[in-house]
Amino acid sequence: MKISDYNHCVDQFADAVYRFILKNIKVEDRARDVVQDSFMKMWEKRKEIDATKAKSYLFTTAYHCMIDVIRREKKVLYKNELPLVENPTKNQAHDVQSILNLALEQLPDIQKNVVLLRDYEGYSYEEIGEICKLNASQVKVYIYRARASLKKFIGNPEMVI
Amino acid sequence: MKINIDNYELFAMDYLEGNLDAMKEKEMISFLVLHPHIAEELHDVNQVILSSELHNKLGSKFTNTLKKELVIETSPINEDNYEEYFIAYLEGDIKEKDAETLSAFLNINAHLSKEFQKQQTTKLKPDHAIVFDFKASLKKSETKLYILWPAIASIAAMLFISFWVWKPNTIQRNQLLINPVNFKQTASLFIDYQQVNLQKEMQLHVLEYFEEELVNTAQQGVIKEAGAISKISPKENRIPIVRNNWQNEIILMQSMALSRNELFSKNDFTKTKTGKKPSTFRLISSLFWKTTKGQIKNISEEIIHEDLKTWQADKMEALTSGFISVKSKSKE
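Here the protein sequences line up with chains A and B, keeping their order. If you use my numbering, the first sequence corresponds to residues 2 to 162, in order. If you use my numbering, the second sequence corresponds to residues 8 to 339, in order.
Mimicking DSSO-like on lysine-lysine, the simulated pairs with C-alpha atoms at most 27 Å apart in a straight line are:
{"no.": "1", "chain 1": "A", "residue 1": "Lys141", "chain 2": "B", "residue 2": "Lys104"}
{"no.": "2", "chain 1": "A", "residue 1": "Lys141", "chain 2": "A", "residue 2": "Lys54"}
{"no.": "3", "chain 1": "A", "residue 1": "Lys3", "chain 2": "A", "residue 2": "Lys46"}
{"no.": "4", "chain 1": "B", "residue 1": "Lys121", "chain 2": "A", "residue 2": "Lys113"}
{"no.": "5", "chain 1": "A", "residue 1": "Lys46", "chain 2": "B", "residue 2": "Lys146"}
{"no.": "6", "chain 1": "B", "residue 1": "Lys132", "chain 2": "A", "residue 2": "Lys134"}
{"no.": "7", "chain 1": "A", "residue 1": "Lys113", "chain 2": "A", "residue 2": "Lys56"}
{"no.": "8", "chain 1": "A", "residue 1": "Lys153", "chain 2": "B", "residue 2": "Lys102"}
{"no.": "9", "chain 1": "B", "residue 1": "Lys132", "chain 2": "A", "residue 2": "Lys113"}
{"no.": "10", "chain 1": "A", "residue 1": "Lys113", "chain 2": "A", "residue 2": "Lys42"}
{"no.": "11", "chain 1": "A", "residue 1": "Lys42", "chain 2": "A", "residue 2": "Lys27"}
{"no.": "12", "chain 1": "A", "residue 1": "Lys141", "chain 2": "B", "residue 2": "Lys102"}
{"no.": "13", "chain 1": "B", "residue 1": "Lys147", "chain 2": "A", "residue 2": "Lys3"}
{"no.": "14", "chain 1": "B", "residue 1": "Lys130", "chain 2": "A", "residue 2": "Lys153"}
{"no.": "15", "chain 1": "A", "residue 1": "Lys113", "chain 2": "B", "residue 2": "Lys142"}
{"no.": "16", "chain 1": "A", "residue 1": "Lys75", "chain 2": "A", "residue 2": "Lys113"}
{"no.": "17", "chain 1": "A", "residue 1": "Lys54", "chain 2": "A", "residue 2": "Lys113"}
{"no.": "18", "chain 1": "A", "residue 1": "Lys153", "chain 2": "A", "residue 2": "Lys113"}
{"no.": "19", "chain 1": "A", "residue 1": "Lys56", "chain 2": "A", "residue 2": "Lys46"}
{"no.": "20", "chain 1": "A", "residue 1": "Lys75", "chain 2": "B", "residue 2": "Lys9"}
{"no.": "21", "chain 1": "B", "residue 1": "Lys121", "chain 2": "B", "residue 2": "Lys104"}
{"no.": "22", "chain 1": "A", "residue 1": "Lys134", "chain 2": "A", "residue 2": "Lys42"}
{"no.": "23", "chain 1": "B", "residue 1": "Lys146", "chain 2": "A", "residue 2": "Lys56"}
{"no.": "24", "chain 1": "B", "residue 1": "Lys33", "chain 2": "A", "residue 2": "Lys153"}
{"no.": "25", "chain 1": "A", "residue 1": "Lys134", "chain 2": "A", "residue 2": "Lys75"}
{"no.": "26", "chain 1": "B", "residue 1": "Lys142", "chain 2": "A", "residue 2": "Lys46"}
{"no.": "27", "chain 1": "A", "residue 1": "Lys113", "chain 2": "A", "residue 2": "Lys141"}
{"no.": "28", "chain 1": "A", "residue 1": "Lys3", "chain 2": "A", "residue 2": "Lys54"}
{"no.": "29", "chain 1": "A", "residue 1": "Lys56", "chain 2": "B", "residue 2": "Lys147"}
{"no.": "30", "chain 1": "A", "residue 1": "Lys113", "chain 2": "B", "residue 2": "Lys9"}
{"no.": "31", "chain 1": "A", "residue 1": "Lys27", "chain 2": "B", "residue 2": "Lys142"}
{"no.": "32", "chain 1": "A", "residue 1": "Lys134", "chain 2": "A", "residue 2": "Lys46"}
{"no.": "33", "chain 1": "A", "residue 1": "Lys75", "chain 2": "A", "residue 2": "Lys42"}
{"no.": "34", "chain 1": "A", "residue 1": "Lys48", "chain 2": "A", "residue 2": "Lys134"}
{"no.": "35", "chain 1": "A", "residue 1": "Lys27", "chain 2": "A", "residue 2": "Lys113"}
{"no.": "36", "chain 1": "B", "residue 1": "Lys130", "chain 2": "A", "residue 2": "Lys134"}
{"no.": "37", "chain 1": "B", "residue 1": "Lys130", "chain 2": "A", "residue 2": "Lys54"}
{"no.": "38", "chain 1": "A", "residue 1": "Lys56", "chain 2": "A", "residue 2": "Lys42"}
I should point out that these hints are in silico values taken from the structure, not numbers from a laboratory. Given the structure is predicted, the values throughout are model-derived calculations rather than measurements.
Construct the complete structure from the given sequences, taking the supplied hints into account.
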């Protein structure tokens with residue numbers, strides 16, 4: 002991987018990685034730190050990384066950095082203490098995507114991550130499996146469960162849209 | 008505490024028994040509107056009639072939601088697995104044949120088409136307004152090295168020159184008394200036959216020049232024709248030179264070098280003074296001399312000739328390792 006390839010990765014994937022991490026971590030500064038750490042690791046390993054697999058390496062690294070951060074933070078903040086998300090039907094002027102984003106927060110972390118990688122980045126089950134250290138079948142099951150939960154959450158289309 | 012899916016049971020009994028305050032009761036009703044299956048559960052389990060307030064709020068729309076419409080099977084899609092097919096369709100996991108079956112299933116079960124559409128909306132889209140603003144800090148400059156290269160090269164060249172000019176005399180050996188060129192009249196070349204190991208540091212960087220020179224010379228057909236190249240090419244047989252002072256080497260090289268005429272006389276060594284093929288050492292010296300001659304223009308020929316007298320040139324052939332240096336003459 003050359004310097005030009007690395008810089009290309011910054012241009013092409015920094016936003017996507019940041020969005021993915023921010024969806025999980027919520028705090029911009031920490032999400033930014035994870036992105037910077039991930040790119041730093043990629044830079045250090047650049048000679049071993051095939052440029053065609055740089056994106057996958059980046060997301061994998063970012064994912065594991067993020068898991069570390071979340072684990073550290075969970076020692077302080079437990080899930081039950083997280084702010085309760087208002088049900089979307091009570092809020093005004095929600096479009097489907099904003100409702101889905103609220104619904105996303107209700108999903109278990111692993112379901113949230115696999116569905117984000119699937120929808121945001123269009124990764125295959127196998128690629129998501131590599132990133133999250135799961136097999137393709139597990140990824141598929143998590144995505145199906147997530148989809149089912151999202152559908153339940155958004156409720157009746159007439160009430161949502 | 009807000010009523011949610013995890014804690015509603017705490018409030019359920021109080022609600023059914025009318026023990027909730029007005030605010031909590033409203034909250035419970037709102038919760039049940041959003042979760043009809045729980046309302047149904049409360050209804051079934053407790054066998055109670057929903058409060059009139061809830062009933063009014065829910066209206067016929069709610070009661071209709073409690074009813075289940077019959078799902079007609081279109082094999083292999085049935086009421087137990089149709090949701091999976093809806094998701095599979097969204098995920099692109101469905102085969103063409105199954106897609107046709109799904110279409111037929113939805114035609115027969117039109118009441119599920121809304122649910123199907125709802126499922127198709129569960130695809131998340133990234134918010135492109137969220138961007139990482141610090142890309143510049145992540146990038147690495149590609150041009151930095153090119154910009155700095157002339158400066159790096161200049162510094163390296165200066166260090167290299169300084170090394171040769173100011174190189175400290177770190178080895179203390181009696182026979183390596185080094186005199187500046189100004190006092191060269193008192194110096195002579197000395198060969199120490201001490202066996203030494205060719206340590207890495209002894210592999211003089213001059214050898215790089217030597218190799219280059221060797222190639223150039225060979226290309227000119229000079230040494231190659233003389234058959235000498237095979238004798239001097241193995242690195243392990245090369246003669247190291249102790250570089251206690253650069254002048255020593257230069258004097259040595261100059262002294263041992265073939266003259267320009269000799270070197271480029273098609274190397275018919277029978278016509279040289281000795282009438283013999285030059286020693287390996289002499290060939291090497293010639294090559295060194297060629298590479299460094301620009302630096303020794305001030306060394307007098309006289310001294311060289313004087314030093315040559317002190318040498319036992321026939322021993323040079325046997326020399327495979329050792330130190331070659333300058334010995335200063337004693338005042339005697």
